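Starting from the known structure of chain P, fit chain Z onto it as the hints suggest.
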Amino acid sequence: MKQLELIQLEKKFGAFEAVKKISFSIEKNQTVALLGPNGCGKTTTIAMILGLITPTSGTITIHNQTLGKEHHYLSKMNFASPYVELPKKLKVIENLKVYAMMYEVQNSKNKIEQLIEELNLAPILYKKTGELSSGQRNRVSLAKAIINDPEILLLDEPTASLDPDTGDFIRTFLENYKKKNSMATLLASHNMDEVTRLSDYVLMMKEGSIIDEGTANDLITKHGREDLEEVFLKLARQNEN
Amino acid sequence: MKIKRILSLMLRHLYLIKASVPRIIDLIYWPTVQIILWGFVSKFFTMHSTYFNNTAGIILSAAILYDFLFRSSISYNMLFLEEIWSRNLINLFVSPLKVGEIVIALTCTALLRTLIGLVPAVLIAIPLFGISLLQLGYPLILLLLSLYIFGITLGLLVTSGLVRYGPSFENIAWASLFFIAPIGCIYYPVEILPSWLQPIALALPLAHIFEETRSILINHTVNFSNIYHALMLNAVYLGIALITFYQSFKSAKVKGSLINVGE
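Chains P and Z are the protein sequences, given in the same order. In case it helps, our numbering puts the first sequence at residues 3 to 243. In case it helps, our numbering puts the second sequence at residues 5 to 267.
Simulated from the structure, these hints should not be mistaken for lab results. Note that the structure is a prediction, hence the values are computed from the model and not measured. Backbone N, C-alpha and C define an ideal beta-carbon position, used for all residues, glycine too. Some hints here could point you the wrong way.
Here are the in silico distance ranges between beta carbons for each label pair [unchecked claim]:
id	chain 1	residue 1	chain 2	residue 2	range
1	Z	W178	P	P84	43 to 51 Å
2	Z	I21	P	K14	55 to 63 Å
3	P	E12	Z	V37	50 to 58 Å
4	Z	L149	P	E215	54 to 62 Å
5	Z	A23	P	K4	54 to 62 Å
Okay, chain P solo, but in the shape it has when bound (with noise of 0.2 Å):
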């Protein structure tokens, strides 16, 4: 069942196209990764979904029900960036009630306990969330992004700038959090291990078109290459010169 649809979806700033009309579906417990060079278009992609940008033209459609003006599912939908922060200032704790509050998250006490195992957030818990180490933050992010137990979940690039430790925890926990969840996922991610590890399914952007698309391994086999990194590589710089 597709949870989420996009099609021919585009976005235009002046003369300049963002993104050229495309298409993609993510079922229900679907991980779908967006790949391609910086500027490709797919953070104008996810805000689309997250309804922080007006598509020009063409439709998001969510369990069958095309978004209008008024963003119908953002209490079923979540987020989490690196380069969106939460409160500095606040503790974590504090951070964790208030966003429970806002997605208005059903017992929300039990959650966040949870959320605290799960995450090993129990040592940081009374800490401002500005005075933690980036893997730490990272991990209250992803504490906030998953409080209401998203049906959609739009994750723009998880473990940028983590240590591999880190960057394995989250992994890890992403992974046995989708088993025990069925999620449709976006990951947006420059990070190629990470895509073949979490991901279903590959869309290779490049200039807001999707220029390619299939599992990892497939892709791989495709075009003759060792690992999505080459993948990556080689269509990226297609037609450079």
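Quick look at chain Z alone, frame taken from chain P:
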């Protein structure tokens, strides 16, 4: 419109206020200094002016009311700027919070923030200068309501600019009330202004509010037409400010500037 979501954003700002003693002191310090300064000025005028000598505290009362307006507007702007500075705006915009809920949450929190700052200063004025705002009687509630609505209106217009143009609009946030103060007729009657400026002043609720304050304190009579005009003008300006805020939000979504508001 859901109360729980509104309360969540209020809670976020209450945590912030609660966590910092310097922040609370800062909230109280400026109104107190302002009121002490105007208290002495008021005392001086009372002793040396025939206009003011039978009405102790007319300037101080005006100063307190103006500070209430100033704090309301600045508080609203500060709460919004706080979200920009902490790079939290995107989290709010992608949450189920509706724009109207954000406006209501910030409006309520701004009132609380204003009262934290102003109540101690107002209380200090009673023993220090023998002036109490309560001498304005029950119309005080309507005057404060009018000032508060106008403060939030200005706050909404400034935050519209922040949404549309980003933090570069921040300086306007600080300067917004100073633009209006000269024609607000806070400390002097409208007739003092050049004749061409008087209609402009009377088109603002401030002139009516402060005209009424003087009328009550000097003539001991309540002129409800001033209060009525102020409230009607407030309704119009608030409507314009809300439309502007929603439009700037819509325009920012089209231009894609919403995701860069904190940059």
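Cross-check of the supplied hints:
1. Checking the proposed 43 to 51 Å range against Z/W178 and P/P84 shows it is violated: the Cβ atoms sit about 31 Å from each other.
2. Checked against the given bound of 55 to 63 Å, the beta carbons of Z/I21 and P/K14, roughly 43 Å apart, lie outside it.
3. Checked against the given bound of 50 to 58 Å, the beta carbons of P/E12 and Z/V37, roughly 56 Å apart, stay inside it.
4. Judged by the Cβ atoms, the range 54 to 62 Å given for Z/L149 and P/E215 holds: they are separated by roughly 59 Å.
5. Distance hint for Z/A23 and P/K4: a CB-CB separation of about 44 Å, inconsistent with the stated range 54 to 62 Å.
Of the numbered hints given earlier, the model fails hints 1, 2 and 5; all others are met.
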